[in-house]
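Chemist: Sequence:
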Amino acid sequence: MKPEARSAAAPSALRGIVLMVAAVGVFTLMDAIAKYLSRWYPVPGIVWARYASNLAVLLIWFAAFGELRRLRTARPGIQLARGLLLAAATMLYFTSLSVLPLADAAAIGFVLPLFVAALAVPMLQERLDLGRTLAIAAGLAGALIIVRPGSASFTLYALLPMAMALCNALYQILTRKVAGVEHPLTSLVWGAIVGAVLLSAVLPFAWETPRQAFHWALLGVIGVLASVGHYLLIRAYDYAPATLLAPFTYSGLVWAMLLGLAVFGNFPDAWSLAGMAVIVGSGLFIASRQRLTVHRG
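The numbering of the sequence shown is numbering that gives the first Met the number 0, which starts it at 0 and goes up by one.
Incorrect hints may appear among the rest.
[Said to hold, decoys possible] Computed beta-carbon distance windows for the label pairs:
no., residue 1, residue 2, range
1, Val253, Ala137, 18 to 24 Å
2, His182, Arg147, 30 to 36 Å
3, Arg38, Leu133, 39 to 45 Å
4, Gln211, Phe61, 30 to 36 Å
It should be emphasised that the hints constitute simulated quantities derived from the structure, not laboratory data.
Remember, predicted model here, so these are calculated numbers, not experimental data.
Virtual Cβ for every residue (Gly too), placed ideally from N, Cα, C.
Let's have the full structure, built from the sequences with the hints guiding it.
Modeler: So, in C-alpha cells, the structure goes:
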C-alpha cells in the first residue's frame, strides 16, 4: 500500500474501531437494563418490548427516509429462520441475566466466534485448520472455567449463554448467506419483525404491566438501544473490515464489568477472570488467523 493510501486508511479504520466499541457498549447497556427489569417482570415480556420498540423505531426511520421498500425480501425463508434464531438467542440470554452476573454471562457468550468458526465448515464450506480447532477447544474450556460444573456456585442458568451463542452463531451463518443478496437494512428489520410477531403470540401469558413510569421508559429504551447498536455496527463495517474489527468486540467484557459493578455491585472472581482470559485469547487467535487468511487470499 502506498504511504498516502495508508495515511488515508488510518483515520477510516480508527473511526470503524470507535464505532464498534460504541456499538458493543450500547448492546451491553441494553443487557444491563434487561437484567435490571427482570427483577420485577417476566423475561418474555421484556424480550417482546425489545423487539416491538425496535421494530417501531425502524419503521418510523424507514418512513421518514423513504426506505419502506427495504421491507421486501428476496429470501423470506432464510429471513424467517434468522429471526427465529435471533429471538431465541435473546430469550436465552435475557433469561440467564435474570440470575447470572452481567460480566459472567457476557464472557460465556463470547464463545460465539468459536461456534461461528466451527459451523462455517459444514455450512459455508470453510476450512478449519489445527490451530483454530485447538483454539475452539480452549475457548470452550475457558467457558467451563467460568461455569464450573459440579461446584457449589454452578447453576443451569450458566449454560444458557452458551445456548445463546449457538443460536447466534447459526443466525450469523445465515446472515452471511444472504449478505450478497439482501440489503443490510432488510435483514435488520426482518429480525425485528419476526421477533415482535413471535413474542406477541406468548405475550398474553407472559406480560405484567409495569408499575412505574420509569419502567415503561426503560422498556422503550431497550428497543431504541437495539436500533442504535445495530446502526453503529453497520456503520463500523463501512469504515473498517470485519477482520480488523473482530477483536474489538471483546471490549464488551470491559463494558460488562464496569456496568455490573456500577449497577449491580458484582465483579468477577478470580476463576471467572481466568476463564475470560482464555476465551478472549482463543477468540483473538481465531480472528488473527482469519485476518491472515484474508490477506493471503
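Chemist: Give a verdict on every hint.
Modeler: Checked hints:
| no. | hint | result |
| --- | --- | --- |
| 1 | Val253 with Ala137: 18 to 24 Å | 21 Å, holds |
| 2 | His182 with Arg147: 30 to 36 Å | 44 Å, violated |
| 3 | Arg38 with Leu133: 39 to 45 Å | 41 Å, holds |
| 4 | Gln211 with Phe61: 30 to 36 Å | 31 Å, holds |
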